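Asks: Going down the list, the protein sequences come from chains A and B.
According to UniProt numbering, the first sequence is numbered sequentially starting from 1.
According to UniProt numbering, the second sequence is numbered sequentially starting from 1.
Just so you know, the hints here were simulated from the structure itself, not pulled from any lab data.
Everything numeric in this text was worked out from a predicted model, so none of it was measured.
Even for Gly, the Cβ is constructed at its ideal location relative to N, Cα and C.
Among the hints, a few may not be true.
[To be verified] Here are some, though not all, of the chain A residues that point toward chain B, as calculated from beta-carbon distances under 8 angstroms:
id : residue
1  : ALA46
2  : PRO206
3  : GLN392
4  : GLY395
5  : ALA396
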Amino acid sequence: MKKNLIRYALLPAALALATAFGGAAAFAEDSINVTNLSYRTGPFAATGTPIMNGQRDYMIMLNERDGGINGVKISYDECETGYNTEKGAECYEKTKASSIVTQPWSTGITLQVLPKSNVDKIPILAPGYGFSPMADGKVFQWAFNPPASYWDGASMILKNISEGNLESLKGKKVVLLHLDAPYGKEPIPLLQAYAEKYGFTFLPIPVGVKEMQNQSAQWLQIRRERPDFVLMWGWGAMNVGAVTEAAKTKFPMDKFIGIWWSSHDGDMKSVGEAGKGYRAISWSLPHSESPVMQDIKKYVLDAKKAEIGEGEFDWVFYQRGVLISMFTVEGIRAAQEHFDTKVVNAEQLRWGLENLKLDEARLKEIGMDGMIGPFSTSCSNHAGHAGAWMLQWDGAKFVKVSDLLQADQDMIAPLVETEAKKYADANAPWPINEECKM
Amino acid sequence: MEFLNSIFVKPFADMVGAPDFLLQVLWEGLVAGVLYALIALGFVLIYKSSRIFNFAQGIMVVFAALTLVGFHEKGVPALLAVPLTLLVMFILAVAIERAVLRPLVNQPDLILFMATIGITLFLIGFGEIIFGGENKVMITEQLYIPTGSFEFEPFGGFVSIEQKDLTAVIGAVLLVVGLLVFLNRSKMGRAIRALGDDHQAALSVGISLSTIWVLVWFIAGVIALATGIVWGARAGVSFALEVIAFKALPVLMLGGLESVLGAIVGGLAIGVLEKLFEIYWGQPLLGGNTETWFAFVLALVVLLFRPQGLFGEKIIERV
Numbered sequence: 001m002k003k004n005l006i007r008y009a010l011l012p013a014a015l016a017l018a019t020a021f022g023g024a025a026a027f028a029e030d031s032i033n034v035t036n037l038s039y040r041t042g043p044f045a046a047t048g049t050p051i052m053n054g055q056r057d058y059m060i061m062l063n064e065r066d067g068g069i070n071g072v073k074i075s076y077d078e079c080e081t082g083y084n085t086e087k088g089a090e091c092y093e094k095t096k097a098s099s100i101v102t103q104p105w106s107t108g109i110t111l112q113v114l115p116k117s118n119v120d121k122i123p124i125l126a127p128g129y130g131f132s133p134m135a136d137g138k139v140f141q142w143a144f145n146p147p148a149s150y151w152d153g154a155s156m157i158l159k160n161i162s163e164g165n166l167e168s169l170k171g172k173k174v175v176l177l178h179l180d181a182p183y184g185k186e187p188i189p190l191l192q193a194y195a196e197k198y199g200f201t202f203l204p205i206p207v208g209v210k211e212m213q214n215q216s217a218q219w220l221q222i223r224r225e226r227p228d229f230v231l232m233w234g235w236g237a238m239n240v241g242a243v244t245e246a247a248k249t250k251f252p253m254d255k256f257i258g259i260w261w262s263s264h265d266g267d268m269k270s271v272g273e274a275g276k277g278y279r280a281i282s283w284s285l286p287h288s289e290s291p292v293m294q295d296i297k298k299y300v301l302d303a304k305k306a307e308i309g310e311g312e313f314d315w316v317f318y319q320r321g322v323l324i325s326m327f328t329v330e331g332i333r334a335a336q337e338h339f340d341t342k343v344v345n346a347e348q349l350r351w352g353l354e355n356l357k358l359d360e361a362r363l364k365e366i367g368m369d370g371m372i373g374p375f376s377t378s379c380s381n382h383a384g385h386a387g388a389w390m391l392q393w394d395g396a397k398f399v400k401v402s403d404l405l406q407a408d409q410d411m412i413a414p415l416v417e418t419e420a421k422k423y424a425d426a427n428a429p430w431p432i433n434e435e436c437k438m
Numbered sequence: 001m002e003f004l005n006s007i008f009v010k011p012f013a014d015m016v017g018a019p020d021f022l023l024q025v026l027w028e029g030l031v032a033g034v035l036y037a038l039i040a041l042g043f044v045l046i047y048k049s050s051r052i053f054n055f056a057q058g059i060m061v062v063f064a065a066l067t068l069v070g071f072h073e074k075g076v077p078a079l080l081a082v083p084l085t086l087l088v089m090f091i092l093a094v095a096i097e098r099a100v101l102r103p104l105v106n107q108p109d110l111i112l113f114m115a116t117i118g119i120t121l122f123l124i125g126f127g128e129i130i131f132g133g134e135n136k137v138m139i140t141e142q143l144y145i146p147t148g149s150f151e152f153e154p155f156g157g158f159v160s161i162e163q164k165d166l167t168a169v170i171g172a173v174l175l176v177v178g179l180l181v182f183l184n185r186s187k188m189g190r191a192i193r194a195l196g197d198d199h200q201a202a203l204s205v206g207i208s209l210s211t212i213w214v215l216v217w218f219i220a221g222v223i224a225l226a227t228g229i230v231w232g233a234r235a236g237v238s239f240a241l242e243v244i245a246f247k248a249l250p251v252l253m254l255g256g257l258e259s260v261l262g263a264i265v266g267g268l269a270i271g272v273l274e275k276l277f278e279i280y281w282g283q284p285l286l287g288g289n290t291e292t293w294f295a296f297v298l299a300l301v302v303l304l305f306r307p308q309g310l311f312g313e314k315i316i317e318r319v
């Protein structure tokens, strides 16, 4: 009995020693931990799940096909936030020591962890979301929002609805129907600046989380205001609720345009034919026959390494998830090469994310040709400002209806600079990257 | 002066100036009110019979709607999926009574409330394992719920009434009438009311606590299914439906936790008043989205004068 007790007492100690001296080193050499602050539960699960699936499956595919990145396995992990800011902040604290990157997955969580990034020295990767001034890499050294910020999205939508002539918006009325959350409010400063410059009326209409499924008040206001265009920064059930109400109000669907997070096939399938003509800007294009997607099919789905919903493989959001994981992977690759190391750390990944070179040749090489516009990042440009396409719902799926659009950086850059400075001043002392001369 | 005008004159001038629009606002408010009342009823029934504030009512809506759609996805005809879903809700009611409520008899109310939070968390996880997190389409047409709209042109304007909204209103009214008849005329209904009035006295005359609890949780499940169908038809079926339960809280504060009539009147009052306030005062003066707080403020004002709510029972306790 006594012998057994001693054995049990010694076992954890032995394990701890083994981990400290051998296990940890072996583990570290074998893999890189990438934890996603995901949400597969809660009111936004329907939109979160396909994106997280896409992110996960790209990582599994690389591990299965290539044995990871340059021989280093990716340990992909998730911490469930339920799209809740408090839970997201907890997940950040829990995972910051193990993961080499934080992917907050909500603008609210991004804003919470943003001030900590300089201290904890862990890069924040918020692809196509988060705080738009994060594009200013000199101020936000640890934050990245490639391939485009919300302000890029807003600018491209305005260019498209004005058919390239912003002056034509003069005297018109543009409504922004937005989730009443930091995400939904993000485009307001830029749209206000556009309204002042080009003489159109801009009217933001907020939708509370509890009102997502019953937006009759918001659409009654739209009916009363008779806007020329309605832009939408919607998420989750808000997208379905809005398109349903638009159809009910008989608002012309082709005058109703969403941001990229309002282009979810799963949402639109609930609306079906009634949503025909609805458009959304998207920096990603689904391309199920592309080499990367076929490899995911072969190495992950057919091999039963992971499961997804029926038809999800072809969805915009699933394939966008794949692209999002690619940003991290390409950042790791760049860092591995630059620092001549296999297992990169958070600081090295920061350099990698700051030096993404995703030109057409590279996209073709990794099997993603035509799925995303080419872009690159630098120490001053953390968004990449890639282009985007206008997609349109044809009653069953989203189809591309425009060429690659580009945002108006002359309009955006001054606002990014001003707002970034304002943020840095409000959070002083805030370190600025003085070494960056770009 | 302009400010006072925008509060006291302009809104009413707008109502008179566009009466068709006012009619549309009132209709939308009525529909919202009926839907709020439906959710509130689920809370009231359980509270009335067991003094438990059922935090799980929202997730029961999601669970019932997902079960219905899930059965249909498995090839079960829609009209058969409804009774099968009701059977699942009955089994759930029995399971809750056996596994959660029965072991907690005579525990403080707070413990029972916490237990319903536990039920919520369990149903979220269990539901996601079975049905997944993605958005599903409510089988509106398969249930023969009409999806067109009636359009009128009163006062030279335009009013549109969605047939599924009209069906929801009629369905909710029938459900409420049926419930009132059941509670007031049937033996079981009277037993529920007796239990709500005084647990000890009801038990002493032979009313079975466990039978009644199963019954009220099952009725709450029926209401959850009706609510799930109606709300699911508007914006799809997903876990997002859970948040609509919060819309019932001010209704309960206003109407009183024990009153079926209070839930109905409170729901309708909040539905109509919050819509009128949002359209004519909230949007022009406060930037909109007043629906998130208006009902709570209204309930708060009522509570100042009637702490038990409009229809709640005034309880005098000796100390």
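Asks: Look at each hint and say if it fits the structure.
Replies: Here is how each hint holds up against the structure:
Proximity of A:ALA46 to chain B holds as hinted, the smallest CB-CB distance being about 4 angstroms (cut-off 8 angstroms). Annotation: A:PRO206 was flagged as interfacial toward chain B, and the flag holds, the nearest CB pair being 4 angstroms apart, inside 8 angstroms. Hint on A:GLN392 is violated. Least Cβ distance to chain B is approximately 20 angstroms, over the 8 angstroms limit. A least Cβ separation of about 13 angstroms between A:GLY395 and chain B goes past the 8 angstroms threshold, and the interface hint is therefore violated.
Interface hint status for A:ALA396: violated, as the beta-carbon distance to the closest one in chain B is roughly 13 angstroms, over 8 angstroms.
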